[in-house]
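Visitor: Spelled out, the chains give:
There are 2 protein chains.
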Amino acid sequence: MRIILVGYGVVGKGVTTILARRYMEKIANYGFNPKVVAIADVDGAVINARGFSAEKLEKFKQKGYPLSADPDFGHQGMSALEVIESVEAEVVVEVTPVNIKNAEPALSYITKAFKTGKHVVTTNKGPLALAMPALTELAAHNNVFLRFSGTVGGGTPMLEFAKRCLAGDKILAIKGILNGTTNYILSEMGQNCISFQDVLANAQKLGYAEREPSMDIDGFDTACKVVILSNWVMGKKVTLKDVNITGIREVTLELLQDAAKRYSTIKLIGTVEDKEVSVKPVEVPWANPLCVSGVLNAVTFQTEYAADQTLIGRGAGGIETANAVLRDLLDIRHKLASKLLS
Amino acid sequence: MRIILVGYGVVGKGVTTILARRYMEKIANYGFNPKVVAIADVDGAVINARGFSAEKLEKFKQKGYPLSADPDFGHQGMSALEVIESVEAEVVVEVTPVNIKNAEPALSYITKAFKTGKHVVTTNKGPLALAMPALTELAAHNNVFLRFSGTVGGGTPMLEFAKRCLAGDKILAIKGILNGTTNYILSEMGQNCISFQDVLANAQKLGYAEREPSMDIDGFDTACKVVILSNWVMGKKVTLKDVNITGIREVTLELLQDAAKRYSTIKLIGTVEDKEVSVKPVEVPWANPLCVSGVLNAVTFQTEYAADQTLIGRGAGGIETANAVLRDLLDIRHKLASKLLS
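Chains as they are written, first to last, in this note's numbering: chain A, 946 to 1287; chain B, 946 to 1287.
Extracted from the complex, chain A is given alone in its bound form:
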């Protein structure tokens, strides 16, 4: 399987790390032989039609920016679109930064990949939040797969769990804590009585929150994930504009203390129900398995026959998300194998 990697930040580097390490050990167990044939970054690309060795991938990472300065394989100034168009490969792994205004440049990369017959694995919520129904259709039309495990739950396979493990049951509703930053802030406020502003400042210092924190605290990141769950798990055709979104700016220490008197706390909950798709602060009893603290994520699937099922894990992290990319690559390989046979 030849792979074009687009984006070389934390997740992109994590992908090369995992692929390099796994060359030697477990990958063989799955009959899976991934080859990174190109890496495109903002300033250019490196290309090797035969695939970069594990050692070479390690060297790229140690040397760092700019990749395209590599004397043997560098193509300075070559755009990611050109790379996707001109390099022969089966899969594009798209791991560029999120943009929920117009989803670019990721949206163009993904559609270019589809139009040139390439499967796409992305960890980018932007294109899915704004255009998931259209992208799903475009992938089907071009007879390629679109996979995006890393967009929800980071390393925790929430999407796969719903799709694969609950086969045969019916998912009636989904409720989740899908954003580690807001969960960290609310946990600190509730447990240690620290004001929103102080926790936010601290979270920014620790690297849990961005300097521009609106994406997290105004609920947009959770809303993107809710869109993805709605489409993928519940078969709804919705985009970001269909989600009722309220962030955590109005959650006060007083409200949290009040909730505590009722053995509860307040969490930012993304909800997918029959009638409504929403993100808002909700009071959750401590005894509810969904009520996890710190940067953890948790999601509860309400099912017809198997009652509530809750999955908890770390929601983010470069290597965790990179591992989600590996799962998607394995899934595509598996799907292709079945397809060839049919």
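Among the hints, a few may not be true.
Which copy is meant is left open, because identical chains are indistinguishable; a pair holds if it fits in one copy or across any two.
Claimed, not checked - When the alpha-carbon atoms are kept at most 25 Å apart in a straight line, the in silico SDA-like pairs for lysine to any residue are as follows:
#1 1108 - 1259
#2 1181 - 966
#3 980 - 1200
#4 1046 - 1007
#5 1280 - 977
Derived from the structure by calculation, the hints contain no laboratory data.
Assemble chain B onto chain A, guided by the hints.
Guide: Here is chain B on its own, set in the frame of chain A:
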């Protein structure tokens, strides 16, 4: 897919209920057409080579014992072994009571099914606890599948989660609360300061505990599940005798109160690690996602790349376990489809 159902207790009835309901709705989505061609119970069997209709399955359930009195399809006194041997079918669903002394009669039913070329779905921990490595080999030798989702986690797909959703990662260890009865007892003792004897008596009244509670409170039920997780998820070749087992009889209110001072409580934890497979009471911090109360089950998979992942759900129940049988049937159907194509 023709199915012989062996055992007609709570789970067996649940299986017919789910299959009957699902005929009409979701099953079609999976291209799956299950037909119950025989049901064998202690006193005899009902057989219909063309498959019982949804209505007929409902009628059997309403009419109740003994099944084999049915004027059209009843075979009074016919043994389950005879049914498995003589009725044409693809799958035997084995849902008879657990026996961890010698695993009979389930063990004979399963091996008979294998030898007559039938796949087996079981919810019975006995044969797996005592002979899982041998049964796995026998199934492979006869070129049939053995599936047992319902044995661990009841309706919560713990086995599938580990096997499917964590593909590409490496599971380093497993820790779980795998028995609802003991979890209920320890939760009540810890939260409401009620003595072990009083909670046990109450649990027996509520139907959460058996009149002969040793299987649960001495840790054997948890140990059976630990054996299954060890073999299926971690690739170990172990049976019940390889598990170090300590039950909850020695857990006192004092110990629980002591733990509470450290923001912890005591849970009966099944553990699968590199060197040890064990069941014993362990102190668990309240903040640990594994620390669930009441009759809930929870399992944490410690993975190499995706950190700890915890799955929580109801561990038992007739309809939940029956739904696990449905998942297994769908999985076998899926596996057979791929096999036919290869």
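Visitor: Work down the list of hints and note, for each, if the structure agrees.
Guide: The hints, checked one at a time:
no., hint, verdict
1, 1108 - 1259, "both (20 Å within a copy, 19 Å between copies)"
2, 1181 - 966, "between (38 Å within a copy, 24 Å between copies)"
3, 980 - 1200, "neither (53 Å within a copy, 55 Å between copies)"
4, 1046 - 1007, "neither (33 Å within a copy, 59 Å between copies)"
5, 1280 - 977, "both (12 Å within a copy, 19 Å between copies)"
Of the numbered hints stated above, those contradicted by the structure are hints 3 and 4, listed in ascending order.
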